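Engineer: Listed here are the chains, written in short residue letters.
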Amino acid sequence: MMVGRVIGTVVATRKSDALVGQKLLVLQPLHSSREQDPSLAQGAALPDIPVQDVPMQGGPVENAFPPDAVVAVDTVGAGVGETVLVALGSAARKALSRPEAPVDAAIVGIVDSIRIAGREQG
Amino acid sequence: MMVGRVIGTVVATRKSDALVGQKLLVLQPLHSSREQDPSLAQGAALPDIPVQDVPMQGGPVENAFPPDAVVAVDTVGAGVGETVLVALGSAARKALSRPEAPVDAAIVGIVDSIRIAGREQG
Amino acid sequence: MMVGRVIGTVVATRKSDALVGQKLLVLQPLHSSREQDPSLAQGAALPDIPVQDVPMQGGPVENAFPPDAVVAVDTVGAGVGETVLVALGSAARKALSRPEAPVDAAIVGIVDSIRIAGREQG
Amino acid sequence: MMVGRVIGTVVATRKSDALVGQKLLVLQPLHSSREQDPSLAQGAALPDIPVQDVPMQGGPVENAFPPDAVVAVDTVGAGVGETVLVALGSAARKALSRPEAPVDAAIVGIVDSIRIAGREQG
Amino acid sequence: MMVGRVIGTVVATRKSDALVGQKLLVLQPLHSSREQDPSLAQGAALPDIPVQDVPMQGGPVENAFPPDAVVAVDTVGAGVGETVLVALGSAARKALSRPEAPVDAAIVGIVDSIRIAGREQG
Chain A
1 MMVGRVIGTV VATRKSDALV GQKLLVLQPL HSSREQDPSL AQGAALPDIP
51 VQDVPMQGGP VENAFPPDAV VAVDTVGAGV GETVLVALGS AARKALSRPE
101 APVDAAIVGI VDSIRIAGRE QG
Chain B
1 MMVGRVIGTV VATRKSDALV GQKLLVLQPL HSSREQDPSL AQGAALPDIP
51 VQDVPMQGGP VENAFPPDAV VAVDTVGAGV GETVLVALGS AARKALSRPE
101 APVDAAIVGI VDSIRIAGRE QG
Chain C
1 MMVGRVIGTV VATRKSDALV GQKLLVLQPL HSSREQDPSL AQGAALPDIP
51 VQDVPMQGGP VENAFPPDAV VAVDTVGAGV GETVLVALGS AARKALSRPE
101 APVDAAIVGI VDSIRIAGRE QG
Chain D
1 MMVGRVIGTV VATRKSDALV GQKLLVLQPL HSSREQDPSL AQGAALPDIP
51 VQDVPMQGGP VENAFPPDAV VAVDTVGAGV GETVLVALGS AARKALSRPE
101 APVDAAIVGI VDSIRIAGRE QG
Chain E
1 MMVGRVIGTV VATRKSDALV GQKLLVLQPL HSSREQDPSL AQGAALPDIP
51 VQDVPMQGGP VENAFPPDAV VAVDTVGAGV GETVLVALGS AARKALSRPE
101 APVDAAIVGI VDSIRIAGRE QG
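Residue numbers (the UniProt record's numbering), protein chains in the order written: chain A, 1 to 122; chain B, 1 to 122; chain C, 1 to 122; chain D, 1 to 122; chain E, 1 to 122.
Keep in mind the hints are simulated off the structure, nothing from the lab. Bear in mind that the values here come from a model prediction, so they are computed numbers and not experimental data. There could be a bad hint or two in this list.
Claimed, not checked - Derived list of chain C stretches under chain B, where covered just means 3 residues or more per stretch with a C-beta under 8 Å from a C-beta of chain B:
#, segment
1, 14-24
2, 72-84
3, 104-114
Just so you know, even glycine gets a beta-carbon here, dropped at the ideal spot from N, CA and C.
Let's have the full structure, built from the sequences with the hints guiding it.
Structural biologist: Encoded structure:
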């Protein structure tokens, strides 16, 4: 599974029936989330920071949407700023209330902590 | 799921039976769609801009076809210039009227807006 | 789906039973097919150009085999030089006469034309 | 399958029901595991080296989490510092005690040795 | 499918039950196999060249294990030095005697020859 940070939300009114009622979140892989947003390095909680809300036709959102971002369906009540575990591919559908939905990415856990061995010596 | 922009169409007369009647669109990931086409940065709607229509043998379409473009089956009535949500892999078939078609990418939603947190501070 | 150009063929006598009788073609993604072979830029048809036929032990074919090439089973009668639509992953098996074959890439259409919007302004 | 080295652990209290009781390990592909951690080149066993344990909000773990790391469910009793064989995609679920869990990566073997041919001449 | 060259073997005593008795081979994509091992360019057969056999804890095998190598289950009697056809993802399991094994890569053919069109002009 991928570890990512929730950095935004997607609204799509016209969509596949099986996606109705699903919360769509934008995720960025953990390792790149700090580079792209310096505020993430300061230890502040994210949910209250201002957001950028742009229409989709020719707007500047392409700049804000990171190259490695993906959109996933939330299945655990995740919010913007949280670090999450993401199942990709056919595994994503195993987490859905509607397993026949056309979904290839799902948030399946909220990460409390990660321990990496030996990094103090790096 | 991937967020992409519809940048073109594909015509294939000879194809798998299960693909007959499916609309095939060319998509580019959102983050790279502006770099590749400066006109996309000006806020103008795309559907009316001129198109390049080239035959497939030795023509210049290789230059126009972006390296990261994919071809997807449309399931929601999307058109050129729209920003869409794309399901990849086995998820794509869940959105089709013919779920046994040999399809690995399907447009499953039209994006109204995306909100990215904290980008004002970037 | 991927759009690719057929650039060669593969012969494998010893193989999985379910692959017997399947035509195996070498494909390269469309965008890179011209860079790698200058002759493709001149508009000439490809099927008659000379081919390189090399044995597999220590021969020079590694140089000729592009890094991004894949081998796919043909299901629509495609030939060398044609631009094709390729289904990857589990979708590939949906196009086969033997859906239980160990195949992860299949040619599912022959592309007549591709229209890309707005490239005249690029 | 991928060959990776176990470099850490993940704790997620809130998660998909089918993930409860599964051990989640952080893996790095073998070839890059030494570059990222010089101590790995000295032949010492890893399980006893100190670990870095950081909270997930704005902490420095993004630096410690390698770009190519993945999180996998352990099915063979692997531990930090071991070299393991990892099944990705739908194959991962074949190794689980709960095959319906939303899992796209599973450790399916502990590697005793790898023999690479001809490297003495490299 | 991928075309690769068999460059080594993997021994794993502790592993998923369904992997017992499966031969695990290390593969490298064809295009990069020559760069990494100059001896491959000289036309000599590979099976008799010396091998490097290293333990997994802190040894130098990370250097010998190419970044793009994968481990696949052999289903056709392939050996070190041979050029093979590899099925990835769910397709791999279609080739196995035990289709429920947690396997995402399988050797499904031994390549006799590859013909690439037009390379003489490259």
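Engineer: Evaluate each hint against the coordinates.
Structural biologist: Taking the hints in turn, this is what the structure says about them:
1. 14-24: violated (count 0)
2. 72-84: It holds, with 6 qualifying residues against the three required.
3. 104-114: Contact hint for the segment 104-114 of chain C vs chain B: holds, 8 residues under 8 Å.
The structure shown violates just one earlier hint, number 1.
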